[in-house]
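Trainee: Protein chains in written order, with the working numbering: chain A, 1 to 236; chain L, 1 to 199; chain E, 1 to 574.
Be a bit skeptical, because a hint or two may be false.
Said to hold, decoys possible - Straight-line distance between alpha carbons at most 25 Å, and here's what the computed DSS-like set of lysine-lysine pairs gives:
hint, chain 1, residue 1, chain 2, residue 2
1, A, Lys203, E, Lys480
2, A, Lys152, A, Lys203
3, A, Lys176, A, Lys152
4, A, Lys143, A, Lys176
5, E, Lys480, A, Lys183
6, A, Lys110, A, Lys176
Stated by the list, open to error - Computed list of chain L residues with no C-beta within reach of chain E, every gap over 12 Å:
hint, residue
7, Met70
8, Thr72
9, Gln84
10, Ala87
11, Glu118
12, His183
13, Val187
To be verified - Derived DEER-like restraints, expressed as beta-carbon distance ranges:
hint, chain 1, residue 1, chain 2, residue 2, range
14, L, Ile158, E, Gly69, 48 to 56 Å
15, E, Glu62, A, Ser18, 37 to 45 Å
16, E, Ile67, A, Ala33, 38 to 46 Å
17, E, Phe76, A, Asn142, 40 to 48 Å
18, E, Lys22, L, Arg165, 23 to 31 Å
19, L, Thr116, A, Lys124, 51 to 59 Å
20, E, Ile446, A, Thr132, 52 to 60 Å
21, A, Lys124, L, Ala53, 28 to 36 Å
22, A, Gly123, E, Phe76, 47 to 55 Å
23, A, Asn142, E, Asp328, 27 to 35 Å
24, A, Gly123, E, Ile67, 52 to 60 Å
25, E, Pro16, L, Ile158, 20 to 28 Å
26, E, Pro536, L, Arg165, 29 to 37 Å
27, E, Thr63, L, Leu147, 43 to 51 Å
In short, the hints are calculated from the structure, not lab data. Glycine residues also receive a C-beta, built at the ideal position from the N, C-alpha and C atoms.
Each chain, letter by letter, is given below.
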Amino acid sequence: MGSWFPENISTYGGDLDSLYYFVYYVVGAWFVAAEVLLFYLMIRYRRRAGHPAQYIRGDTWSQLAWVLVPTIIVFGLDMVIEAKSGPLWARIKEVDHFPTSGVEVHVSGKQFQWEFTYPGPDGKFGTDDDLTIGDELHVPVNKNILLDLQAKDVLHSFFLPNVRLKQDAVPGRTIKMWFNATKPGEYEVVCAELCGFGHSGMKGAFFVHTPEEYDKWVSERWPATAKAASTNDTAS
Amino acid sequence: MSSATTTAAHPQYEGGPFAQLPFGRAGMWWFLSSEICVFGTFMGTYALMRIAAGGWDAERAHLNATIAIMNTIVLVTSSLTIVQAHAAAEAGDREGARRNLLITVLLGCLFLCFKTFEYSREISHGFVPWTSTFWSFYYTMTGLHGLHVIGGIIVNFILFLATYRASWDLVKHRVEYAGLYWHFVDVVWIFLFPLLYLA
Amino acid sequence: MQAGAHAEVHAGHHEPTSFWRKYIFSVDHKVIGKQYLTLGFAMAIIGGFTAFLIRWQLAWPETEAPILGLMQESGFFGPDQYNAFVTMHGTIMIFFVAMPILLGGFGNYFLPLMVGAPDMAFPRLNMMSFWTIFVASCILTASWFVPGGPAAGGWTSYPPLSADPNLSGVNWGGHLWLLAIIVEFASFLMGGVNFMVTTINMRAPGLSLWRLPLFVWMEITAAVLFMLSVGPIAAGGIMLLLDRTMGTGFFLPARGGDPLLFQHLFWFFGHPEVYVVLLPGFGMILEVLPVFSRKPVYGYKAIIYSTIAAGILSFVVWAHHMFVSGIDARLATPFSITTILISVPFAVMMFSMIATLWGASIRFATPMLFALSTLATFLVGGVTGIFLGSAAIDIYLHGTYYVVAHFHYTLFPSVFLGGFTGLYYWFPKMTGRMMNETLGKLHCLITTVSFNCVFIPLFFVGIAGHMRRIYNPLQYEFLKEIQPTHVFVTYAAIVLILAQSLLVINIVWSYFAGEVAGDNPWNANTLEWATSSPPPHINFETVPTVYRDPYDFSEPGAKQDWTPQWVPSVRGVS
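Model the full structure from these sequences, guided by the hints.
Mentor: Below, the structure written as structure tokens:
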């Protein structure tokens, strides 16, 4: 089971995976118990000479207890799952719980491309040094990334499998997201909501950079403001 | 409808609290329960979107409450006349049932006339379904209601014709069920009217 | 008494003799039921074929699919057609296969019989309901052939994609799709009215509500759920059609609308709808379990209360389909709680069904094998719902194959395995012939095994992050390594589809050459077995009186191990 999850590279992704495994073991135990019981009863109570069926209606409270007690236990476990799930959901999705500062990127989905707008070295949107790049998300490692998500035409869904983050992009709305990536590398950002004939293949490259790589990327993209670092001052 | 609706009590079937209802009345109530959900959805959705949009006061100013009030009076009166038709039918008064059914049909047509006049005024002022979301709702809700009025007029007219030919037992019960439907159409309007024109 | 009943419903018409009145425009619920079954099976062939095409494309992307090349220029198809196949597969299976077969087919045929009535309360309305869905099917079928192709926005048809032909390239296909579904809703609304009035008002003497067979309870619960939930989707469908054709602004932000509104309307209906599709299948296995266990159903009333509770709860869970849709994040918790709560009544039902086997004497005839298969398989669907009910886990799993696997594990067992349970059980009653047991058992084994081979791997594919409605998985680096799974699943799907030929052969062969069945070949207790196989036009030559519960098998003191409902008490107490 574990090997099927894409590699987790986010701060909250591990908790999501752990919650999955918790649920998996809890429901798995019940599932196995129910199936084993079912097969056991099928075999034990197969029709045999000398073993007529018994007139058990299951309508007295003591008989119903056999159904109701397991049900109550199931209910209790459901509530435990919910108790663990609620705080994790709030951490990932409720804006009040977001980190208050971080690297900001604006994301816009359109048929059939993800557009990422970076504020540039001045850190502000709506200024001249904003840069929009199609299908490339660049973020520094171990930093909070705060994203605003929009859509230009139809519903899309912003999905970073390795971060365990997904959010539908809705035209007419700006929706906030956040994550913090913990491992440098190149991953994928995909669209997870049917958006037309080009939905399949609507994807981009998702780069998590080490601090050095990130500075290099910034200086390549914004050459005018490149720091005069000795190894990086060849303008592109 | 089958002729199983001819008797109010069905001694050959098992009893129980709701089981004594004539089939047609029970069937009509089930049908209406679903229809209530359709119009309820439109009204609830309209209310929510209107609040979110800030009231739509500018758009709503273009509606004509006077025509709507007249339409309300027409429809409520027609509900009264169909009740009279039913009472007459129960009492065996063919002429009375016939007359009241006809008046109900005519009042329904009058409603449609006023509505058509209202629509044409609005359209001539450039307010069409695609003008804005408010107008989309207005035309869709009143239009859907109007289609139900047309359906009711057709049913009532067929019943009016049936008073000349069909068995009286049949007519008696069908007037009641048509009346139920007609009341529903009236009640929808009684909600639509304040929701669109007044509040 | 029976003359009164007969005259009541049939005054003004005698048993029809002309071909048209007897087989085509019949008002006999048994004929109408068979017409619905025929329609459902025909549409299932198309629905199954679309599934084959989807699976072909996923296993071997951008190659020529067999058979398709016979229907159009080449077997190669692009993403726009793929989206259309995905859309039509879901639409056809839910609205034109599951509902016609389970409600219009078996429901129509057996509800009047099980309550001891001569027909439905409104036979002509019944006939109209069939021809209405027939028209809807024609409209939907026509949509395959229009310029721009059929609807391709998914069976969920979310706007803005589905609201503006410019955004999807689909024009008349989308209009016709909406029209077909709206007309289909009208058909089932008519049917629902008939089900409710017949069940409540036309029961045989002695048949109190607490003596109704569970199949009947399930059918009327489904009918109520449908009738009360269809309003919002009908409204939403009308609004969407107007957005498409008249430029209105319900769901398009550019015109002042809100795309999320459609999702709320759709899923407010959509969730009760999945129970509409689910409950009849449960009803059928609940008929079969006691008959082939020779003992009563465990917890008859508990099952009924649970069904009603599940039905009510189904109206307050809808936004679990929308956790990541852009709704206020704080709404997730209440809906997550209600979703997890709804597992409670289903747990009661599942445990009760399993407990029915305790103390049984099980005969493994084909209907029973299918009932047990339904139970065993549905459990997977039930438990995997827990994952999706947790909003946090759903962030990752929404829109992936995990969801696809989950809902196929709830829908397929109930609709198909449950439907097959009913078919093998009631074929003798409908035709007067027994089906072939060997073919039936083989059908059950291959279907069950191949179904699991198709959908268990898809859970893993979903965990890998594989999104839904993807035309070519090889376009994604992170999905390339799981491609062999797609190939395996497609082979299993081909086996699953081909295995259904065993059923077709069995039906055709048994209809003409099956062993003659007699009135009650299974020694069952419910009223449909009190009359001949097939029943006469008026159902019962003598309307039965009901003296007992529907599942009195192996009652102490009885001479035989079944005591039908129409037989007075063996112990002098009714």
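Trainee: Could you run down the list of hints and mark each one as holding or not?
Mentor: Hint check results:
| no. | hint | in the structure |
| --- | --- | --- |
| 1 | A/Lys203 - E/Lys480 | 14 Å, holds |
| 2 | A/Lys152 - A/Lys203 | 16 Å, holds |
| 3 | A/Lys176 - A/Lys152 | 16 Å, holds |
| 4 | A/Lys143 - A/Lys176 | 16 Å, holds |
| 5 | E/Lys480 - A/Lys183 | 22 Å, holds |
| 6 | A/Lys110 - A/Lys176 | 17 Å, holds |
| 7 | Met70 | 27 Å, holds |
| 8 | Thr72 | 23 Å, holds |
| 9 | Gln84 | 27 Å, holds |
| 10 | Ala87 | 25 Å, holds |
| 11 | Glu118 | 19 Å, holds |
| 12 | His183 | 18 Å, holds |
| 13 | Val187 | 15 Å, holds |
| 14 | L/Ile158 - E/Gly69: 48 to 56 Å | 53 Å, holds |
| 15 | E/Glu62 - A/Ser18: 37 to 45 Å | 39 Å, holds |
| 16 | E/Ile67 - A/Ala33: 38 to 46 Å | 44 Å, holds |
| 17 | E/Phe76 - A/Asn142: 40 to 48 Å | 47 Å, holds |
| 18 | E/Lys22 - L/Arg165: 23 to 31 Å | 27 Å, holds |
| 19 | L/Thr116 - A/Lys124: 51 to 59 Å | 57 Å, holds |
| 20 | E/Ile446 - A/Thr132: 52 to 60 Å | 55 Å, holds |
| 21 | A/Lys124 - L/Ala53: 28 to 36 Å | 31 Å, holds |
| 22 | A/Gly123 - E/Phe76: 47 to 55 Å | 50 Å, holds |
| 23 | A/Asn142 - E/Asp328: 27 to 35 Å | 30 Å, holds |
| 24 | A/Gly123 - E/Ile67: 52 to 60 Å | 58 Å, holds |
| 25 | E/Pro16 - L/Ile158: 20 to 28 Å | 24 Å, holds |
| 26 | E/Pro536 - L/Arg165: 29 to 37 Å | 33 Å, holds |
| 27 | E/Thr63 - L/Leu147: 43 to 51 Å | 49 Å, holds |
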